[in-house]
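*Asks:* Sequence:
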Amino acid sequence: GPNHVSHLRNGEVRTYDLDPATLGFRGANIAELLGGDPPANAAILRGVLSGGIQDGKRDIVLLNAAAALLAAERVADLESGIALARTVIDDGAALAKLNDLIAWTSRLAA
Numbered sequence: 001g002p003n004h005v006s007h008l009r010n011g012e013v014r015t016y017d018l019d020p021a022t023l024g025f026r027g028a029n030i031a032e033l034l035g036g037d038p039p040a041n042a043a044i045l046r047g048v049l050s051g052g053i054q055d056g057k058r059d060i061v062l063l064n065a066a067a068a069l070l071a072a073e074r075v076a077d078l079e080s081g082i083a084l085a086r087t088v089i090d091d092g093a094a095l096a097k098l099n100d101l102i103a104w105t106s107r108l109a110a
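Residue numbers (the numbering used here): 1 to 110.
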C-alpha cells in the first residue's frame, strides 16, 4: 500500500505519499511479507539475494535499497535506484557482498 515519505535534498524536505504500484510493484498480502526468527530471516535474505525469492519480499528489498541509494545521492530518482538494486541482486554482487561481510565478521569473532 501507500507509504508516507519525507525526503531531504539540498536542505529542503519534500513529503509525499508513494504507492509502490506506480513504480511497477504488485501488491502483497501480509502473510507473504512476514519473516520469522533470525535463522528464517537469514534464509529469506539469502533467498532474495540469490534470486530464489521473487515475491513481495524481493519488492521490499528493491524499494528500500532504491530509497537508500537515493538518500546517499548515488541515483537521481527511485526508478534509477530500483534498476540499480535489481542489477546488483541479479548479477550476484549483492549476495557476494553479504558473503564478504559474513566472512569478515566471522574473522573478527574468532
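These aren't lab readings, by the way, just hints derived from the structure by calculation.
Careful, some of the hints might be misleading.
[Unchecked claim] Label pairs and their calculated CB-CB ranges: (1) Ala109 with Gly47: 23 to 31 angstroms; (2) Asn99 with Ala76: 28 to 36 angstroms; (3) Asn99 with Ser6: 29 to 37 angstroms; (4) Ala109 with Tyr16: 19 to 27 angstroms; (5) Asp19 with Pro39: 29 to 37 angstroms; (6) Glu79 with Gly27: 28 to 36 angstroms; (7) Ser106 with Gly47: 32 to 40 angstroms; (8) Ser80 with Asp19: 16 to 24 angstroms; (9) Ile102 with Leu18: 17 to 25 angstroms.
Glycine is no exception: its CB is placed at the ideal position from the N, C-alpha and C atoms.
*Asks:* Please go over all the hints and tell whether each is borne out by the structure.
*Replies:* Checked hints:
no.	hint	in the structure
1	Ala109 with Gly47: 23 to 31 angstroms	holds (24 angstroms)
2	Asn99 with Ala76: 28 to 36 angstroms	holds (30 angstroms)
3	Asn99 with Ser6: 29 to 37 angstroms	holds (34 angstroms)
4	Ala109 with Tyr16: 19 to 27 angstroms	violated (43 angstroms)
5	Asp19 with Pro39: 29 to 37 angstroms	holds (33 angstroms)
6	Glu79 with Gly27: 28 to 36 angstroms	violated (19 angstroms)
7	Ser106 with Gly47: 32 to 40 angstroms	violated (21 angstroms)
8	Ser80 with Asp19: 16 to 24 angstroms	holds (18 angstroms)
9	Ile102 with Leu18: 17 to 25 angstroms	violated (32 angstroms)
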